[in-house]
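First to last, the protein sequences are chains L and G. If you're matching positions, the first sequence starts at 1 in UniProt numbering and goes up one per residue. If you're matching positions, the second sequence starts at 1 in UniProt numbering and goes up one per residue.
Heads up, some of the hints might be wrong.
Because identical chains share one entry, a pair is satisfied inside a single copy or across any pair of copies.
[As the list claims (entries may be wrong)] Below, a list of computed lysine-lysine pairs in the BS3-like style, where the Cα atoms sit at most 25 Å apart:
| hint | residue 1 | residue 2 |
| --- | --- | --- |
| 1 | K115 | K89 |
| 2 | K130 | K259 |
| 3 | K206 | K179 |
Derived from the structure by calculation, the hints contain no laboratory data.
2 protein chains.
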Amino acid sequence: MKKDKITVADIAKKAGVSPATVSRVLRHRELVKSETIQQVENAMSALGCLLEKGTIAAATEQPLIILNVPELDNVFYLKVIDGALVSAKAHGYRLLINDSPLDRSSIYSFINLLKQVHAAGVILLNHVSKEQLDMIHSVVPLVQCSEYNEHADYPYVSIDDYSAATSAAEYIVSCNCNKIAMINGPMSFKYAVKRQEGFLDTLRKKDISVRPDWIVSLPEVNYQMAYSAVCRLLNNEIRPNAFFVISDVFAAAVIRAAKRFDLRIPEDIIVVGFDNLDISIMTCPTITTVNQPSFQLGYSACELLLDSINHPDMFPKSLILDTELIIRESSAKI
Amino acid sequence: MKKDKITVADIAKKAGVSPATVSRVLRHRELVKSETIQQVENAMSALGCLLEKGTIAAATEQPLIILNVPELDNVFYLKVIDGALVSAKAHGYRLLINDSPLDRSSIYSFINLLKQVHAAGVILLNHVSKEQLDMIHSVVPLVQCSEYNEHADYPYVSIDDYSAATSAAEYIVSCNCNKIAMINGPMSFKYAVKRQEGFLDTLRKKDISVRPDWIVSLPEVNYQMAYSAVCRLLNNEIRPNAFFVISDVFAAAVIRAAKRFDLRIPEDIIVVGFDNLDISIMTCPTITTVNQPSFQLGYSACELLLDSINHPDMFPKSLILDTELIIRESSAKI
Numbered sequence: 001m002k003k004d005k006i007t008v009a010d011i012a013k014k015a016g017v018s019p020a021t022v023s024r025v026l027r028h029r030e031l032v033k034s035e036t037i038q039q040v041e042n043a044m045s046a047l048g049c050l051l052e053k054g055t056i057a058a059a060t061e062q063p064l065i066i067l068n069v070p071e072l073d074n075v076f077y078l079k080v081i082d083g084a085l086v087s088a089k090a091h092g093y094r095l096l097i098n099d100s101p102l103d104r105s106s107i108y109s110f111i112n113l114l115k116q117v118h119a120a121g122v123i124l125l126n127h128v129s130k131e132q133l134d135m136i137h138s139v140v141p142l143v144q145c146s147e148y149n150e151h152a153d154y155p156y157v158s159i160d161d162y163s164a165a166t167s168a169a170e171y172i173v174s175c176n177c178n179k180i181a182m183i184n185g186p187m188s189f190k191y192a193v194k195r196q197e198g199f200l201d202t203l204r205k206k207d208i209s210v211r212p213d214w215i216v217s218l219p220e221v222n223y224q225m226a227y228s229a230v231c232r233l234l235n236n237e238i239r240p241n242a243f244f245v246i247s248d249v250f251a252a253a254v255i256r257a258a259k260r261f262d263l264r265i266p267e268d269i270i271v272v273g274f275d276n277l278d279i280s281i282m283t284c285p286t287i288t289t290v291n292q293p294s295f296q297l298g299y300s301a302c303e304l305l306l307d308s309i310n311h312p313d314m315f316p317k318s319l320i321l322d323t324e325l326i327i328r329e330s331s332a333k334i
Numbered sequence: 001m002k003k004d005k006i007t008v009a010d011i012a013k014k015a016g017v018s019p020a021t022v023s024r025v026l027r028h029r030e031l032v033k034s035e036t037i038q039q040v041e042n043a044m045s046a047l048g049c050l051l052e053k054g055t056i057a058a059a060t061e062q063p064l065i066i067l068n069v070p071e072l073d074n075v076f077y078l079k080v081i082d083g084a085l086v087s088a089k090a091h092g093y094r095l096l097i098n099d100s101p102l103d104r105s106s107i108y109s110f111i112n113l114l115k116q117v118h119a120a121g122v123i124l125l126n127h128v129s130k131e132q133l134d135m136i137h138s139v140v141p142l143v144q145c146s147e148y149n150e151h152a153d154y155p156y157v158s159i160d161d162y163s164a165a166t167s168a169a170e171y172i173v174s175c176n177c178n179k180i181a182m183i184n185g186p187m188s189f190k191y192a193v194k195r196q197e198g199f200l201d202t203l204r205k206k207d208i209s210v211r212p213d214w215i216v217s218l219p220e221v222n223y224q225m226a227y228s229a230v231c232r233l234l235n236n237e238i239r240p241n242a243f244f245v246i247s248d249v250f251a252a253a254v255i256r257a258a259k260r261f262d263l264r265i266p267e268d269i270i271v272v273g274f275d276n277l278d279i280s281i282m283t284c285p286t287i288t289t290v291n292q293p294s295f296q297l298g299y300s301a302c303e304l305l306l307d308s309i310n311h312p313d314m315f316p317k318s319l320i321l322d323t324e325l326i327i328r329e330s331s332a333k334i
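Please take these sequences and the hints and turn them into a complete structure.
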C-alpha cells in the first residue's frame, strides 16, 4: 500500500478509534488524551505513515457522512439537512447529500458509493426495507431520520405521525366540519400510512363517514399535482368542507383551488397542513399546520449517528420528537 | 497497490479514456467500440486488475461529480440541482451535493475532498475567486453555474443579470412608479452586483433619483430578514411605491409587510421578484417575476462539465440562457 493512499479511516480502524479521533490527533492534539495519541501514532507507523508534513496533509481527510434523500424537491428536507450539516460540521465531519430511491435497483450502487468514498456513516431520509437496511449496516453505521422501518432494529429520529394526525383531525372536527378530505403522499412512506390511520381512526370514533374518493394519495409532494387533485374534488355538487393535507405545499394548492371555485377560506372550506414550512405564512390566508421540528430532526439524527460511529458497541436510543398544531387563518378567524 | 483499491478513475487514466467509458465497458460493453474495450482491458491488466467477478464489482464504481452550493436554504438552487442530477444520471455519473463557502478558510478542505473521493469534476454554484478556481482546476475539470468569475477563464452557464434587471426596472417605470426600492442579496455575488447596476443605470436614464437607503443588501435570501427590512422602509412618511427584489422569497415578504401597513398591492405598491419560484403563484397577489431557467442552468452546466471531462483538450463554450419577465397580479390588475 502506498503511503499517500492511507486514509483517516484506515488509521482509525488500525488504532481501534473513530475517524473523528484520528482527525483530532492530527489537527487538535491538545484535545486528545495522551494514550489515545499514542494509539493513533502507533497505528500510523504500523501502516507506514510517518508524521512528515506531506503525509499529514494526505491523511487529514475529513471523515464523510452521506445523507440520502428520496427527492430533493420537497423543501421540508432542506431544514432537516441544515440541522444535520450543523451537527456534522461541529464534530469535524463533512456531510455530502445523495439523492437515491434506495430500492432494489439502486441499492448496490449506493453500497458501492459508501465503499468508494470510505463513508463513516449514513443518514437515511427514505423509507428503506429491512433487507436493504441490513446491507447498508453491514458497511457503515446508519441512522434513519423522519422515515424509519418498524420491522428493523436500527436507530431513528422521527415524530409520532399517528398522534400528530389524530390531533389535526380532532381539531378539524371541533371546527364543525364533517365533510373532510385528505390529500396524502405516496403510501410507500411510513408517514403517509400512519397519518392516514390517525385521520381515519379519529373520524371513525366521531362517527363521521369518509368517502373513499376523498382520500387521495399523490406520488410526490408537488404543488401542481395537488392543485389538479383538489380542483377535481371541488368540481362536484357534493364537496368537502375541510381538507387535511400532509404538506403545506398541498395546503397552498387547496387555497388556490378554493379561489378558483369562489369558495372562501375558512368560511366555506378549512384547510390544515403539515410541516410548518415558510410558505405557510406567505399564503393568504396563512396556513394552520402541524409543526415538525425539522432542524432538530436532522441535528439529532446526526448526533445519534456520531454516537454510533464513536461507540460501536453501544446501541443508540431512538428518539421521537414533539409536534404541535399551529392555528392560523386557514381554519379560524383570528 | 492492492487489486481492490483500483478505481474506475485509475483505469480511465491508464487507458486514456473517460471514467464514463470505463463504466460502459464494465457494464454495457455492447455500447462501446471494440478498440476501446481492448484499450480499457489492457489498462486493467496493466494495473493487475483481472476481469474476475469480485474485481469487476470493485471496479464498477460510478464516477463522481461534486456540486457545491453556497447555502442550501435558498430554494432556487433545488431546481438547478435537479437539472444537474438528471444530466449526471443520464451519463452514468453520480452527483453528490456539498455545502461550502469555498473561501480562503474552506478551500483546502474542499480540495482534499475532491482528492479523497476521486471526483471526476465539479459544478460550482458559488462565486469563487480566481485564485481558488485555479486551485480547484488543478485537481479536476470545473464548470461554474449561475454565478461565475469574469476575471477567470473557466466555463460557465448563467443568465445576463444586468439585462434581466434592466427589463424589470423599465417595466416598473412603465407602471408609473417613481419611488422605487431594491432589496438585494449579498454583494459578494455577481448576480447582486449586476442586477443592481442594471437597476440603477435604468433609473438614471429615466431621470429617476434613487434614495441610497432604499437600496438594501441582505446577507442571505431569508424571508424574515426581508420582512423586517421592508417594514422599516414602509414605516416612514415617504415610502416606496415599488419594490424590485432579487428573489420571490423577498417579494412574498413585501406582500406581507404591505398588508401590515394596510397598503394594497398593486394599487399602492407594486413588487417585481426574481426566479419564478413555486411560491410566486402561491401568494396573494401572485408575484410578477423574472423567470430563470433554473432546471436548464443545472442541466447545461453538467453537460458542459461532461464535455470537459470527456474532451480535456477542448475548451467548452460558456452559455448564457434567456430570462423573461412574467407579469402577474403584484404589478398589474390582470
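Tested hints:
Both within a single protomer and between protomers do K115 and K89 lie at most 25 Å apart by alpha-carbon distance, with minima of 22 Å and 19 Å respectively. With identical chains, the CA atoms of K130 and K259 are never at most 25 Å apart, being 45 Å at best within one copy and 51 Å at best between copies. In this homomeric assembly, K206 and K179 come within 25 Å of each other (Cα to Cα) only inside a single copy, at 12 Å, whereas the closest approach across copies is 57 Å.
Of the numbered hints stated above, the single one contradicted by the structure is hint 2.
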